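Just so you know, the protein sequences line up as chains A and B, in that order. Quick note on this note's numbering: the first sequence kicks off at 1 and runs consecutively. Quick note on this note's numbering: the second sequence kicks off at 1 and runs consecutively.
Hints are computed from structural coordinates only; laboratory data are not their basis. None of the values given here were measured: they were computed from a predicted structure. Note that the Cβ used here is the ideal one computed from N, Cα and C, for glycine as well.
Anything over 12 Å on all C-beta distances counts as not near chain A; from chain B, calculated:
#1 Gly61
#2 Leu98
#3 Ala134
#4 Ala175
#5 Leu283
Reference excerpt, derived from the structure (chain B facing chain A, CB under 10 Å, subset only):
#6 Val21
#7 Leu127
#8 Tyr149
#9 Ala216
#10 Lys264
#11 Val265
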Amino acid sequence: MKLKKVAAAVAACGLALGFSGAQAQKLSGDKIVIGFITDMSSLYSDIDGPGGVEAIRMAIADMEKQFPGKKIELVYADHQNKADIASSKVREWIDQSGADVIIGGTNSATALASAKVAAEKKRPYISIGAATSRLTNEDCTPYTVHYAYDTVALANGTGSAVVKSGGKSWFFLTADYAFGHSLEKDTSDVVKAAGGTVVGAVRAPLNASDFSSFLLQAQNSKAQILGLANAGGDTINSIKAANEFGVTKTMKLAGLLMFINDIHALGLKTTEGMYLTDGWYWDLNNDTRAWAKRFFEKMKRMPSMLQAGDYSAVSTYLTAVKAAGTDDADAVMAQMKKTPINDMFAKGGKILPNGRMVHDMYLMQVKSPAESKTPWDYFKVVQTIPGDVAFAPPGGSKCTLK
Amino acid sequence: MTELFGIPLSALLSQLLLGLVNGSFYAMLSLGLAVIFGLLNVINFAHGALYMMGAIFAWMGLTYFGINYWVMLIVAPLLVGLFGIIVERLLLRHLYKLDHLYGLLLTFGLTLLIEGFFRSFYGVSGLPYQVPEALTGATNLGFMIMPNYRAWVVVASLVVCLGTWYVIERTKLGALLRAGTENAKLTEAFGVNVPLMVTLTYGFGVALAGFAGVLAAPILQVQPLMGSNLIIVVFAVVVIGGMGSILGSILTGLGLGVIEGFTKVFYPEASSTVVFLIMAIVLLIRPAGLFGKEK
Chain A
1 MKLKKVAAAV AACGLALGFS GAQAQKLSGD KIVIGFITDM SSLYSDIDGP GGVEAIRMAI
61 ADMEKQFPGK KIELVYADHQ NKADIASSKV REWIDQSGAD VIIGGTNSAT ALASAKVAAE
121 KKRPYISIGA ATSRLTNEDC TPYTVHYAYD TVALANGTGS AVVKSGGKSW FFLTADYAFG
181 HSLEKDTSDV VKAAGGTVVG AVRAPLNASD FSSFLLQAQN SKAQILGLAN AGGDTINSIK
241 AANEFGVTKT MKLAGLLMFI NDIHALGLKT TEGMYLTDGW YWDLNNDTRA WAKRFFEKMK
301 RMPSMLQAGD YSAVSTYLTA VKAAGTDDAD AVMAQMKKTP INDMFAKGGK ILPNGRMVHD
361 MYLMQVKSPA ESKTPWDYFK VVQTIPGDVA FAPPGGSKCT LK
Chain B
1 MTELFGIPLS ALLSQLLLGL VNGSFYAMLS LGLAVIFGLL NVINFAHGAL YMMGAIFAWM
61 GLTYFGINYW VMLIVAPLLV GLFGIIVERL LLRHLYKLDH LYGLLLTFGL TLLIEGFFRS
121 FYGVSGLPYQ VPEALTGATN LGFMIMPNYR AWVVVASLVV CLGTWYVIER TKLGALLRAG
181 TENAKLTEAF GVNVPLMVTL TYGFGVALAG FAGVLAAPIL QVQPLMGSNL IIVVFAVVVI
241 GGMGSILGSI LTGLGLGVIE GFTKVFYPEA SSTVVFLIMA IVLLIRPAGL FGKEK
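Bound-form chain A, shown alone (with noise of 0.2 Å):
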């Protein structure tokens, strides 16, 4: 009992130290805080995880001096691919570590988990490395904002592409969860809409080690394209076994959701000639490179579209902070929503009500060995595809918010 009454005396000291802070520059507790929730340890580590971190910390570093005499702090938390720790981890950081954004990586069950945690506590969530375009709409909130890519951009980039280009027949290789559903059918939409056809689809449970037998059963499908609505490790295992079996002889594959790391662990020699679809990739422009530069002395590697896209979350939002002149929750998500999002990540982006960050996405295709000039040197642009048409035009969302 007097412990819980030091603890109450104590907490609120504190909020009053807050408020007085808060009064004189408009920050609470006279800093901020950016709480970061990511893959840390598991498959989806290399995409986001530790190279996440050291974007975001990038990202402060070169904002601090627009805040003098300001601290600006990072948590962050492995949530372990479970949507519980997640939003555990970030009701802790919101109610005792004073957070003022959530920044979401991989993995969209957490995604979805966090995002209604920090709507409920009022504090921005921005979320890169998940998937779901439930995000901004039946699950959307008026304190998200889904930042890099989702499943519809990821669809109307590869998959439209593919059936322009004579691919019409498909065979679907799920992960069967969530995400790996979602991405089926909305990329079945799309292939539909422009003339092609869904010949059937095998669901693989997620981190099946062996994926040669339902290789065969699309190889019997005989349809022209495969498309690999999964993702991480599980792509990676199912090409190796689609080059193993010769179904690359027979079908055309096609990844749904790839990154420059899945390339990276394959070689050139197994992904030659794949489409993909990126929203970032490190050799677009002078500003991509000198970034990716940056970022290369430090994780000595690459950095990924989610990576990328940590930097530019955490640059946009402080960008915000400093222009709305407070920390205040509201006053910097109608910040952000106005101000067009303009760095090395988006040119011209903007975020929609319903928290759609849009921005262009690029179709890429995999060099060979033989164009492939420098380490990394592994994608040509295609495409770019115009972020109105790569994302769901706003009018289409189930998303209530306006």
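With chain A fixed as given, assemble chain B onto it according to the hints.
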């Protein structure tokens, strides 16, 4: 075309072969576990991590020292075995008198350490390892295209498994090993160095895991978590076969690989669960496992 349950016979036949390939890995890994459990009474949870170590050693050999696949097929298991011997001498040895649970906890902790160590260096996306020159390409069997390397995996693992079974069940050395587990004091009285034998047995058991790891390197992505995805299934195999039964673990490993293969055709969503379903049924009917002896 002839059909069975609406599936062409040729498709079933190809799934049977693929099942055998996967079953070979289950057999080799569960055999190592069975040998270790049978002779040491240790539930070696680190088996998956040691399998991964075998694969990574193969990759390291090729990448850093230019040592080819065939040499690493021998060297990597030896290195893994040596690591196992050190672990047994320094750590496991002190736990024999305690409950099984302590051995399990220790090896589980080791797994986390080993995986974390390699993860901090290589990340999780994986390291590319090509199929050795001599085994590239595939053979058209008429009903399917069989990559030569996968056929080699089945042959190599059968040879190793049957060899191990023969040594333990049919030779004098094997007899001493079995005697050592039955009654260590009495066996020592005959002048047999039982502690040394136990150490070497553990080394051999984990070397089998290392061997399986090298075999898997060209097929699966070499990465620090590759063992943890597999080890749970392998434990189920051991339980179904009967803890400690040598022949049981080989046959169950191959059999379950095949059953899993068929499940992938008839109801792919259940292919990761079917092994555990069978485990539950077997435990209800025969608690000691298919080939285990009731104690």
